[in-house]
Amino acid sequence: MFSTAATITEPRRQRPQQLLVLLATLMTVLLGGCALVNHETHPSGPSSNPFDSAHPLSDDQAMAQVVDPAKQIVAAADLDGVSGGFSFASCNDQGDPPYRGTATIHFLIQGDPDAYFQKIQDALVSHGWNPGAPPGQIFHGTTLNKDGVTANMSFLPSDHSYGEINLYGECRNMTDHHNDGKTNATNITDQLQVH
Amino acid sequence: MQLHNIDLGKLISAAGGDPWKVNATIQIGSPADISDLAQAFHRAGQSAGESERSFQEALRRFQASWNHHNGQHPINDSAQVQRVQQNLGTQSAQLPRIAADLENVAAALAEAQRSCATLISTLDSNLHSLDDQIGEAEKHLTGHELQDMSLYEHIGVLDVEAIEDTGSTLAQLVSIRAGYSDYLARSLAVLRTDGYDPATIQAVDAVESIPKAQDTVALPPPHASPDEVHRWWASRTPDQRQRLIAEESDQIGNLNGVPVSARSDANVLVMNQDLDRVRDIASHYGVSADDVIHDPTEYGLTPTDITRYQNADQTKQGLDHDIGNDPLHPNPVYLFAYDPLAFGGKGRAAIAIGNPDLAKNTAVIVPGTSSSVEGGWLHDGHNDALNLHSQANAADPDNPTAVIAWMGYDAPNNFEDPRIATPALARTGGATLAADVNSLWATHLGAGQHVTVIGHSYGSTTVADAFAGSHMHANDAVLIGCPGTDLATSARSFGVDGGHVYVGDASSDPVGVLGLLHGLENSLFGDDLGGQLAGTDPGLGLDPAAHEFGATRFRAEVHGFPDLNFSAHSHYYDPGSEALHSMADIASGNGDALGTDGMLAQPRHRPEVTIKVPGLGSVTIEEPVGPAFIDPEAQRPRESVQDNHVFDRSHHH
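Protein sequence lines, in the order shown, are assigned to chains A and B.
Residue numbers 1 to 195, in this note's numbering, belong to the letters of the first sequence in order.
Residue numbers 1001 to 1653, in this note's numbering, belong to the letters of the second sequence in order.
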């Protein structure tokens, strides 16, 4: 492809628009599957991917997928000074579907933070959470997972007397939330504080 | 406020102002007196319909917020009410409106007072706690430098926390006061139109919060450097600064060298005015904002007013989005830049999560094609800035990272926009980006700041041009999904301060391999010197993921896309992805950890050929010319790829 391109010398005198079309055409050929980049992909193992397009989640289901575990975490770890919220987040940087539910819990840190985070982790493991990120994910901070939901724990960045747990649901909500306001926070503190 | 170990004067100076003084100016007002007056008008008028509802709602708000501890000297209202009544006529419809307007002012003042009192009380309690902790730490000092080192570090952290708390409270107080002041000014104008002389309520209002019509404070000369602007700002009195924010909001909000919190106050003021201009008219005529937007001239507004309103609305949603999920513990957010009419009405704005002037680390993220304020990039459900903020602070909680979502340049409109194939917009945008980023060095408090600038897609070309063409000063550069580096011909061209040029390119991201076409562009346009200099020739430059470019490549594969696919271009900020994990390391000042985190990737290279060299036998070398299209990342076992997303739709970016 490039050896033939190198022989094109006349186009220098063409108008830029024509050249643009030429270049765009070449890009299209490239993007359309020209095997310029060497791709000897290995067959993937059993899919660890939580996205299941055959079984999309409704808005309510996607919300429950993270808010229910958030409530369980507060109760299981007996968290204090709890507040939190929920929003939908796009699973790409275009703001397009699919979306996932995300929930955040804030809580007061009791005593030494590292020991307290460990205590929370132990409490969650005893309630069926798996330590670490799900297969194929990597996070900074203490991370656990259960039923396709990732829980990622660290400090509240603006106030280290509080801890923060971010819950990420699966990318299975196909609603387009571009303009429905649901990508900004909904307060779920009342739900979290009910033990 | 009594502190034993923290010097209050120094604290106020470091925080950029005195929150207690700002609070005092708002607490001085007497909402009870204004409410009494409103109720007198309410009794005098025959209130019904909208005015009655408005009055009752305002009364409810006032009663909910008034703390009953001030306003113990009711003014004698009867004479005033009678005078106004005589002027307007006994049955005048204006009386109920005046009552409702006055009650709204009372409610707004009471709400502002309550919010400010809560903020001050929280700050006082935090500072007392920090003061005690510092006192406790100082008791353990031994006088031996080595032994005391960690104690001093601990005290330093507490100091910074005190400054941050004070600065953030100050910013919130100023913002509340500006909001009230703005509201009051508009209410007074309405009251005058309705035939009421508002001099009386000014006597009992928080008078200090009303900008005084005194001699104006001069701005610095137009071409002053950020350092000069910062010195000029620092030498203004607190009162002058507040007046500049109120009176020269447009200028101060975008003036490089002014501290971020002050810029933000000014920008939020302008943004709120842009929103209220339309909302007030809509409310006055009893129609929706959409009605006004569809026919602005019918309501005495211009299309420009509508553009301002729409971009203010997008920006406000961006601020609301970036506070995060929990309204009770919002991220501190700052409107770093705001110009709703920029770029032919597409708008310019930048939102900081965390205060870049106080945070040890700041990451500036620059988006690519089809991103704009008008189009909703600041809020529309993708969480690039929030995800990076969360993971960078989790990566290194002790060295906080602020993130600026920078929608500060005119990006190509879409993939059909012919400007996407030329670097002209990247060069212009790069110059603006460099100016904004360089100002962070003038306003940051304390030493050891670390700045990372991250560009995605066309935004990465903009970042490369800011470094190579406009002398941008930053410690690390990150290019993700980069279609080419234009003016930067190697990592050395960036001139990063002590750090690295990092590249994240999924092997299956077709945009990331566009730089491979550079040889073709050169053969087509290499002789067109004019077009090359002006940036109007097609072609965005080199592939920074190629071995010879000299950048450090981190892992950024996207699960689910083994072959070239546009969708692979849109997942660099995904939670759980290799790219976000790597960028969190870099942005938090821990780029060196990429190796131990297993996140370093091999660059792309040319095919290798085996040649026979006499005396040496067979030697395998990389071909010396041509595109470096062999990608070791594409050959990784797919199950080792750290990401969790598969999509059954194709994306257009």
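These are calculated hints, taken from the structure and not from any lab test.
Predicted model only: the values in this text are computed from it and were never measured.
In this text, a Cβ means the ideal position worked out from N, Cα and C, and glycines have one as well.
Some clues are possibly wrong.
From chain B, some residues computed to sit far from chain A (all C-beta separations above 12 Å) [to be verified]:
no.	residue
1	GLY1376
2	TYR1573
3	LEU1580
4	ASP1585
The calculated label-pair distances, taken between Cβ atoms and stated as ranges, are [claimed, not checked]:
no.	chain 1	residue 1	chain 2	residue 2	range
5	A	MET174	B	GLY1135	37 to 45 Å
6	A	GLN61	B	HIS1223	53 to 61 Å
7	A	GLN61	B	HIS1471	46 to 54 Å
8	A	ALA64	B	ASN1414	33 to 41 Å
Just a sample of chain B residues kept apart from chain A, beta carbon distances all over 10 Å, derived [unchecked claim]:
no.	residue
9	ILE1323
10	LEU1328
11	GLY1354
12	HIS1389
13	TYR1572
14	GLU1578
Q: Tell me, in ascending order, the numbers of any earlier hints that this structure violates.
A: 1, 2, 3, 4, 5, 9, 10, 11, 12, 13 and 14
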